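Build the full structure now, drawing on both the sequences and the hints.
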Amino acid sequence: MALTTRLCGLCDLRMHSMTKASRTERSFRYIQSVRALHDLLLAHSSDLAVIDSRIMKSCQSQGMLAKLDAPDLSIHGMSLNTLKTVSDNHLSGGFLELDRLRRLVARNRKSRKPIVRDGDAPSATPARSEMADLRNQRQSLINSCAFMADQYNDLLSIYRRTLDRLERGRAEPANERRLLEGHLSRFRGPKGQPMVLVDTTDKLDSDDAT
Numbered sequence: 001m002a003l004t005t006r007l008c009g010l011c012d013l014r015m016h017s018m019t020k021a022s023r024t025e026r027s028f029r030y031i032q033s034v035r036a037l038h039d040l041l042l043a044h045s046s047d048l049a050v051i052d053s054r055i056m057k058s059c060q061s062q063g064m065l066a067k068l069d070a071p072d073l074s075i076h077g078m079s080l081n082t083l084k085t086v087s088d089n090h091l092s093g094g095f096l097e098l099d100r101l102r103r104l105v106a107r108n109r110k111s112r113k114p115i116v117r118d119g120d121a122p123s124a125t126p127a128r129s130e131m132a133d134l135r136n137q138r139q140s141l142i143n144s145c146a147f148m149a150d151q152y153n154d155l156l157s158i159y160r161r162t163l164d165r166l167e168r169g170r171a172e173p174a175n176e177r178r179l180l181e182g183h184l185s186r187f188r189g190p191k192g193q194p195m196v197l198v199d200t201t202d203k204l205d206s207d208d209a210t
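If you're matching positions, the sequence shown starts at 1 in full-length UniProt numbering and goes up one per residue.
Treat the hints with care, as some may be off.
Under the rule of at most 25 Å between Cα atoms (straight-line distance), these lysine-lysine pairs were calculated in the DSS-like manner [as the list claims (entries may be wrong)]:
id	residue 1	residue 2
1	K57	K67
2	K84	K57
3	K67	K84
Label-pair restraints from in silico Cβ distances [claimed, not checked]:
id	residue 1	residue 2	range
4	E97	T24	46 to 52 Å
5	R170	S53	42 to 48 Å
6	E181	K57	22 to 28 Å
Everything labelled a hint here was simulated from the structure, so no lab data went into it. Quantities reported herein were computed from a predicted structural model and do not represent experimental measurements. Idealized CB from N, CA, C, for every residue including glycine.
Structural data, given as structure tokens:
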């Protein structure tokens with residue numbers, strides 16, 4: 001009976017730890033989503049380029065903005081109440097600023113329909129080409145930030161699972177290294193080269209010796 005009670009207690013403790021970790025990861029994902037959404041709306045509020053159809057559709061209402069799910073941009077759908085709460089806690093200006101940008105993007109998009117006269121064709125100018133290059137560079141930076149945020153989130157999950165295994169005495173160095181190297185191999189570094197895990201054990205030993 002005592003053994004059964006102890007096992008039940010351990011199971012409850014483990015479930016509590018898993019639930020707490022899951023809740024923490026979900027909160028981090030919501031914060032990341034709100035910040036990515038704010039940056040994306042801010043960039044598109046003054047951009048003359050064609051707006052992503054997903055963004056345009058989501059800007060029609062607050063509820064649709066909350067439901068926007070674009071994992072490639074580090075944006076995940078949530079309830080409107082969650083969006084308001086996270087925005088108020090983690091954005092400068094809170095949800096009011098986010099909603100202002102939403103309405104601005106929706107209004108600007110409607111006024112950007114080009115008027116083309118018969119026989120006219122858009123002419124390329126150096127200034128227009130330079131603006132296009134700048135827009136492409138900015139979009140590339142936005143995509144890079146979203147990618148880095150996803151990579152950080154994945155790495156944080158690996159770190160938390162490793163700590164959990166360490167606490168339970170089930171961590172194996174070879175397996176932990178394999179998991180981390182697998183993550184880094186998917187994370188392409190500068191010039192498309194995969195990142196590698198650097199062993200600093202020898203350096204730390206030499207530093208201790210000095």
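E97 paired with T24, Cβ distance criterion 46 to 52 Å | Given a distance of about 26 Å, which is not inside 46 to 52 Å, the answer is violated.
E181 paired with K57, Cβ distance criterion 22 to 28 Å | violated, 40 Å
Keeping to a limit of 25 Å between CA atoms, is the pair of K57 and K67 held or broken?
-> holds, 11 Å
Do the alpha carbons of K84 and K57 lie within 25 Å of each other, as the hint requires?
-> Roughly 19 Å between the alpha carbons, so the hint for K84 and K57 holds.
Holds or violated: 42 to 48 Å for the Cβ distance of R170 and S53?
-> Holds - the Cβ-Cβ distance for R170 and S53, about 47 Å, lies within 42 to 48 Å.
Is K67 within 25 Å of K84, Cα to Cα?
-> Holds, at roughly 12 Å.
Hint compliance for this structure: hints 4 and 6 are not met, and every other hint is.
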